[in-house]
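Undergrad: Per UniProt numbering, residue 1 is the first one in the sequence shown, and the count goes up by one each step.
Heads up, a few of these hints could be off.
[Claimed, not checked] In silico lysine to aspartate or glutamate, DMTMM-like type, Cα no more than 25 angstroms apart, as pairs:
#	residue 1	residue 2
1	60	33
2	104	198
3	46	33
4	103	127
5	189	84
Since the hints were derived computationally from the structure, they do not count as laboratory data.
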Amino acid sequence: MGTGVRQIAIGAGDEPDWPSLGSPDVLIHLAWDGLPNYHSPHHFEKELPDQYSFLARLVKTGLPALTVTGTCFEYGMQSGALGEETICLPSNCYGFAKNTLYKKLQFLSAKHSFNLVWARLFYLYGDGQSSNSLLSQLRNAVAERKKVFDMSGGEQLRDYLPVTTVSRFLCTLATLGQDIGPINICSGKPISVRRLVETWIREYGWKIELNLGHYPYPDYEPLAFWGKTDKLSTFISIADAVQPASMEVSKAP
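Sequences are here, hints too, so could you generate the full structure?
TA: This is the structure we're talking about:
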């Protein structure tokens with residue numbers, strides 16, 4: 001099989017099996033439609049059955065290792081430092097659908113042996129993000145020479161990582177050859193959204209003021225939560241991965 005890009009219409013009913021994909025050693029699954037509308041039933045009515053059908057077909061036909069991106073929204077409206085041992089209590093449709101997919105894959109592993117890495121992503125920033133993301137909106141406002149940037153009060157505490165660091169973590173975990181299960185992909189260091197935005201403005205030398213409190217705080221996430229990195233540190237070299245990923249945002253690329 002060639003090395004070119006192959007497009008697959010998941011949910012169309014003609015998804016490939018493992019051999020027809022070239023019998024890869026591992027699959028990293030990032031596909032999911034319907035975001036950022038976290039409350040839409042689309043996530044469990046359409047995405048959940050389609051994505052599970054696709055992954056289950058691959059596993060049943062021989063896929064030995066699977067890495068799937070989950071979400072911190074699986075934890076629901078729980079505040080503070082959240083670890084993999086925290087009981088998942090998803091409160092929006094997206095988090096519920098992702099958590100259900102994980103449970104279905106757990107049951108599947110009882111009959112079909114495969115290594116599963118369930119990577120619970122927290123917050124990302126960097127090139128290639130949706131135009132609705134925080135950094136993209138800020139960049140667009142600067143490019144349009146706006147004098148102010150409308151945002152919420154900015155006091156939310158969140159856990160952010162550069163997308164390049166997240167990509168490195170995912171590739172490392174996917175190729176370890178271990179059945180890791182759920183694992184937080186995060187920095188372990190909470191930062192307020194206001195401070196994050198102010199850091200970007202300072203580092204890039206942008207001339208724009210913040211209009212704090214223009215938007216209400218989101219209703220699909222708690223005001224203050226971040227991830228624990230204990231399990232991540234077990235599987236990733238502290239010197240080569242965890243420390244750079246956990247450094248201050250102002251030092252990030």
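Undergrad: Could you run down the list of hints and mark each one as holding or not?
TA: For each hint, the structure was consulted:
| no. | hint | in the structure |
| --- | --- | --- |
| 1 | 60 <-> 33 | holds, 24 angstroms |
| 2 | 104 <-> 198 | violated, 41 angstroms |
| 3 | 46 <-> 33 | holds, 9 angstroms |
| 4 | 103 <-> 127 | violated, 32 angstroms |
| 5 | 189 <-> 84 | holds, 16 angstroms |
Hints 2 and 4 from the list above are not met by this structure, while the remaining hints are.
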